[in-house]
Amino acid sequence: QVTLVESGGGLVQAGASLTLSCTASGRAVRSHHIGWFRQAPGKEREFVASVSGSFNIVDYADSVKGRFTISRDNVKNTVNLQMNNLKPEDTAVYYCAARASEEPYSYWGQGTQVTVSS
-12 QVTLVESGGG LVQAGASLTL SCTASGRAVR SHHIGWFRQA PGKEREFVAS VSGSFNIVDY
48 ADSVKGRFTI SRDNVKNTVN LQMNNLKPED TAVYYCAARA SEEPYSYWGQ GTQVTVSS
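Under this note's numbering, the final residue of the sequence shown carries the number 105; numbering is consecutive throughout.
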């Protein structure tokens, strides 16, 4: 069982930066892949970024490449999402999720709201 808690959301103006944090706890959490997803009103949830449990391999959605950076701290069991040059279209509820290798994402946090005003 893995428990995830997100923090760091808020209301910012376009062009600003925010850092979201996902704190993970539970058995073997350090070996789990951690991903960030987001869901805007009226839209489906979409992938944003992920970091693997081993070797810290990262992946990004095309829409955030060059603006967002995902990083992992296995001492603190946190995964951060640094978001720069935010745009109004980044407005969404952001969720972190965890999965074991070769498994689908099956553990989800409660989400944190990010609102970017123009």
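Please keep in mind that the hints were generated in silico from the structure rather than gathered at the bench.
It is possible that part of the hints are untrue.
Capping the alpha-carbon separation at 30 Å, the derived lysine-lysine pairs in DSS-like fashion look like this [unchecked claim]: (1) 30 x 52; (2) 74 x 30; (3) 63 x 52; (4) 52 x 74.
Beta-carbon label-pair distances, calculated as ranges [said to hold, decoys possible]: (5) 105 x 15: 27 to 33 Å; (6) 61 x 28: 31 to 37 Å; (7) 100 x 58: 32 to 38 Å; (8) 1 x 41: 32 to 38 Å; (9) 88 x -2: 33 to 39 Å; (10) 104 x 15: 38 to 44 Å; (11) 32 x 74: 31 to 37 Å; (12) 32 x 53: 33 to 39 Å; (13) -6 x 33: 17 to 23 Å; (14) 89 x 28: 17 to 23 Å.
Only a predicted model underlies this, so the values are computations on that prediction, with no experimental measurement involved.
Just so it is clear, CB atoms sit at the ideal spot from N, CA and C, and this is done for glycine as well.
Quick rundown of the hints versus the structure:
1. In summary, the hint linking residue 30 to residue 52 is supported, as the alpha carbons are separated by about 20 Å, within the 30 Å threshold.
2. About 17 Å separates the Cα atoms of residue 74 and residue 30, which keeps this hinted pair within 30 Å; it holds.
3. Simply put, residue 63 and residue 52 have alpha-carbon atoms about 25 Å apart, close enough for the 30 Å limit, and the pair holds.
4. For the hint linking residue 52 to residue 74, the alpha-carbon distance of about 13 Å falls within 30 Å, and the restraint holds.
5. Evaluation of the 27 to 33 Å hint for residue 105 and residue 15 yields a failure: the beta carbon distance comes to about 43 Å.
6. Evaluation of the 31 to 37 Å hint for residue 61 and residue 28 yields a pass: the beta carbon distance comes to about 34 Å.
7. Distance hint check for residue 100 and residue 58: the Cβ-Cβ separation is about 22 Å, which falls outside the suggested range of 32 to 38 Å.
8. A hinted range of 32 to 38 Å for the beta carbons of residue 1 and residue 41 is consistent with their spacing of about 37 Å.
9. Restraint check, residue 88 to residue -2: a C-beta distance of roughly 37 Å satisfies the suggested window 33 to 39 Å.
10. One distance hint, 38 to 44 Å for the beta-carbon pair residue 104 and residue 15, holds here, with the actual separation near 40 Å.
11. Remark: the range hint 31 to 37 Å for residue 32 to residue 74 is contradicted by a beta-carbon distance near 18 Å.
12. In this structure the supplied range 33 to 39 Å is violated for residue 32 paired with residue 53, their Cβ-Cβ distance being about 22 Å.
13. Checking the proposed 17 to 23 Å range against residue -6 and residue 33 shows it holds: the Cβ atoms sit about 21 Å from each other.
14. About 33 Å separates the C-beta atoms of residue 89 and residue 28, a value inconsistent with the hinted range of 17 to 23 Å.
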